[in-house]
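Keeping the supplied structure of chain A fixed, place chain B upon it in accordance with the hints.
Next come the chains, spelled out residue by residue.
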Amino acid sequence: MKIAVCLKRVPDTTAKVVIADDGVSIDPTGVKFVPNPYDEYAIEEAIARKTAAGEGETVVVSLGTDAAQETIRSALAMGIDRGVLLQIAEHPDPAAAAALLADELATGGYDLILMGKMAVDDSQHQVGPQVAERLGMACITAVAHLKIDGGTVTAEREIEGAVEVVRCGLPAVITCDKGLNTPRLPALKGIMAAKKKPLDIKPVTAGESAFEVLSLTLPPDRPPGRIVGEGPDAVPELVRLLRTEAKAI
Amino acid sequence: MSPMLCVLEQRDGTLRKVSHEIVAAGRKVADAMSTTVDALVFGHDDVEGLDALGACGADRVLVATHDTFRLYSPEGQTATIAGLAANYSTVLFAATATGKDLAPRVAARLETSCATEVTDITVAEGRVVVTRPVYAGRAIQQLRMMASTAVLSIRPNTFPVTDAGRPGTLESIPVPEFTANVEVVEVKAPAEAALDVGEAAIVVSGGRGLKEPENFSLIEDLADAFGQAAVGASRAVVDAGWRDHSAQVGQTGKTVSPGLYVAVGISGAIQHLAGMRTAKVIVAINRDKDAPIFKVADYGIVGDLFEVVPRLTAEVRKLRAEG
Chain A
1 MKIAVCLKRV PDTTAKVVIA DDGVSIDPTG VKFVPNPYDE YAIEEAIARK
51 TAAGEGETVV VSLGTDAAQE TIRSALAMGI DRGVLLQIAE HPDPAAAAAL
101 LADELATGGY DLILMGKMAV DDSQHQVGPQ VAERLGMACI TAVAHLKIDG
151 GTVTAEREIE GAVEVVRCGL PAVITCDKGL NTPRLPALKG IMAAKKKPLD
201 IKPVTAGESA FEVLSLTLPP DRPPGRIVGE GPDAVPELVR LLRTEAKAI
Chain B
1 MSPMLCVLEQ RDGTLRKVSH EIVAAGRKVA DAMSTTVDAL VFGHDDVEGL
51 DALGACGADR VLVATHDTFR LYSPEGQTAT IAGLAANYST VLFAATATGK
101 DLAPRVAARL ETSCATEVTD ITVAEGRVVV TRPVYAGRAI QQLRMMASTA
151 VLSIRPNTFP VTDAGRPGTL ESIPVPEFTA NVEVVEVKAP AEAALDVGEA
201 AIVVSGGRGL KEPENFSLIE DLADAFGQAA VGASRAVVDA GWRDHSAQVG
251 QTGKTVSPGL YVAVGISGAI QHLAGMRTAK VIVAINRDKD APIFKVADYG
301 IVGDLFEVVP RLTAEVRKLR AEG
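Protein sequences appear in the order of chains A and B.
Here the first sequence is numbered in the working numbering, starting from 1 and rising by one per residue.
Here the second sequence is numbered in the working numbering, starting from 1 and rising by one per residue.
Just to be clear, a hint being listed does not mean it is correct.
What the hints assert, rightly or not - Per label pair, the in silico range of CB-to-CB distance:
id: 1; chain 1: B; residue 1: ASP288; chain 2: A; residue 2: GLU245; range: 20 to 30 Å
id: 2; chain 1: A; residue 1: ARG240; chain 2: B; residue 2: ARG287; range: 14 to 24 Å
id: 3; chain 1: B; residue 1: ARG287; chain 2: A; residue 2: GLU245; range: 23 to 33 Å
id: 4; chain 1: B; residue 1: GLY83; chain 2: A; residue 2: SER25; range: 29 to 39 Å
These aren't lab readings, by the way, just hints derived from the structure by calculation.
Built from N, CA and C at the ideal position, the CB exists for glycine as well.
So here's chain A without its partners, still in its complex pose (with noise of 0.2 Å):
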């Protein structure tokens, strides 16, 4: 089985957000980048996937700045074979993203596409679905429960409440959530080990973004609360004030 993992670059989730002086992204001085958590899910599947298979490739593909190279090998030192970095110069909008990664895959003969369900930074939730779309592959987003049996896929999905049963056929685009497996850390030998694989770095451009960002601003402070008391004895008071000048309740 060939399995592609799609790799964003993003910044740490506990990092503070300071805005840059152009008021529209964030200001990255000091700020530690990290693989996409969610994207963490879709390398350790494909590992695991190929490791119980015996045989086949993985390939990670990453669409990012040239810094996106230190990403790319810290998958490669999870067990990943080969890497590709769609080089650009600043993160385009979400279907730029998939068109350009779409581009990247089509020709790959690829049986299964991973990749998070989403983005920590733009948290848009859509290159998935968009790179299915214009592959004209099947797609289950969101998935926290993956079978694969001969050529049919079972996936499960958290829905509101519930858990959606969804099948599909291979080739398959599958998202991944929280839940899927734990993501193994890199071990010594593979972090030396991922030195030596390939890397291929290939320069692209996007198309015209489908918007234009205005701003970006630090969500406003609510206003400062108060201690209704210490212990249980404070309860009371704290059901009134929920009550009449809440009301909450």
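Structure of chain B alone, referenced to chain A:
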């Protein structure tokens, strides 16, 4: 300006609450653009509650009927919407599991991007401008949509439903031919229908302060006392396997905007705060008076949750019994 198309969600023949919010959001934009609102419903049999959509703001209710629409049909619904979309300035979905699967497929057919989890929509110079959280709520982005048809998904619990008094005329529309490569074979509902943290009006969340997974019964009891409340969890307790990931609030979980959020035994890591800071009212119960959760809470009680929570449950029950 071309009209708005609101793509609604139903489950088992009943419209989901967020469907009314989509129509209300559509109405808001339509009024700003002086245009009309069509609501689109997928079903295989009768869907209840369609007559209430006029009050939410729908001028017309379009019903697409197909055998596969008993459950979600990604390709069938994409084909139906894509066939209509060129007539509309904006297509609105809910940012739910279904909407976040369907909206990008439609956007791809229109060769555009959609804007996901939109929390506000305005119109400037004839273009739709949306507000949406990014970096898991740590920043807010404003986007001007450039495509001739803007595709959006709105965050549940964000757009208020008001009585718009529109006609809401019912019409059937045809479903185009489509190939179903992806088939939803089953929806497994839990024995007791659980409210989703992303949609509930009240969310009661527990964290590591509960010490043992069994102690989540305290959280469940409090949620039960409120009625119509969902049980949420911090990342720490989800990672420890105490609760299912579907309950996780914050980064790598859900971002929620309920009317009331009660955080119990949650210190308030930056990722958790980002996931619940848009709640209308926040209550925190924590032993540590310096816990970051108190910085975002409207009301806090410092104390032992094992004493405070049962008392709160009892008081809320008493209040509700009094009506």
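Now for the hints, and whether the structure bears them out:
Evaluation of the 20 to 30 Å hint for ASP288 (chain B) and GLU245 (chain A) yields a pass: the beta carbon distance comes to about 25 Å. Between ARG240 (chain A) and ARG287 (chain B), the C-beta spacing of about 23 Å keeps the proposed range 14 to 24 Å intact. Our hint of 23 to 33 Å for ARG287 (chain B) and GLU245 (chain A) holds, since their Cβ atoms are close to 25 Å apart. For the hinted restraint 29 to 39 Å between GLY83 (chain B) and SER25 (chain A), the CB-CB distance of approximately 37 Å keeps it satisfied.
Taken one by one, the earlier hints all hold for this structure without exception.
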